[in-house]
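These protein sequences, in sequence, are chains Z and P.
If you read the first sequence in our numbering, its first letter stands for residue 1, the second for the next number, and so on.
If you read the second sequence in our numbering, its first letter stands for residue 1, the second for the next number, and so on.
Hints were generated in silico from the structure; no laboratory data involved.
Treat the hints loosely; a few may be bogus.
Counterexamples of contact, computed for chain P against chain Z with all Cβ distances above 12 Å [claimed, not checked]:
id, residue
1, R9
2, N24
3, G28
4, N52
5, F65
6, E68
7, G72
8, D74
9, T76
10, P81
11, L84
12, V112
Here are the computed lysine to aspartate or glutamate pairs in the EDC-like style, where the Cα-Cα straight-line distance is at most 16 Å [stated by the list, open to error]:
id, chain 1, residue 1, chain 2, residue 2
13, P, K15, P, D86
14, P, K78, P, D57
15, Z, K96, P, D57
16, P, K62, P, D86
17, P, K11, P, E85
18, P, K78, P, E14
19, P, K83, P, E68
20, Z, K96, P, D56
21, P, K11, P, D57
22, Z, K96, P, E100
23, P, K44, Z, E5
24, P, K44, P, E85
Here the structure is a predicted model, which means the values were calculated and not measured.
Virtual Cβ for every residue (Gly too), placed ideally from N, Cα, C.
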Amino acid sequence: GIQVEQSPPDLILQEGANSTLRCNFSDSVNNLQWFHQNPWVQLINLFYIPSGTKQNGRLSATTVATERYSLLYISSSQTTDSGVYFCAGYIQGAQKLVFGQGTRLTINP
Amino acid sequence: EAGVAQSPRYKIIEKRQSVAFWCNPISGHATLYWYQQILGQGPKLLIQFQNNGVVDDSQLPKDRFSAERLKGVDSTLKIQPAKLEDSAVYLCASSFWGPETQYFGPGTRLLVL
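Okay, chain Z solo, but in the shape it has when bound:
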């Protein structure tokens, strides 16, 4: 079955708007991470967040492990936030990282 599922698949916003990206993960997955993939395909670590809440500037993430979901919040979006956001988690008992299909975020000026 689906181990890491992201929503929405696409999100188009105006500059300055706030956004929330969701990641649902199955019982076999833990140690959630969020990545941003820029147009040059570089994957940038945003958060390693097995549980709880973390904030870094305009970005924050919350993982509720007991309910098997994680949220990524982007406030006051900028055009440079555009790209694909991936959620990934580790298969329990292994060190294998499994990725969701990603959310493509487009921020228009």
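Using the hints, position chain P against chain Z.
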């Protein structure tokens, strides 16, 4: 601290040719990963090394793909012979040891014609 280095950044080859990608992980990182990312999808793990040893290669098409990590540092991923469906971005990543933050290289875009 230098990041994960990969080369080449782009490669165009014809089907049935061979190709090799190189990766240099972050200094001191014991674990090295190779991922394949097909357009529109998330990265998929091909092979994982811890120092010199292979931890997981269950999704590596071993009839055509091979990888090695000599001396527990640099790694090379080879495809021979290439197929059209091998067109993808190949990403290398490293982590200090186990299931914590992985750091990704800039990737190699492969186009097989």
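Any of the earlier hints contradicted here, and which numbers?
-> Hints 1, 19, 21 not satisfied by this model.
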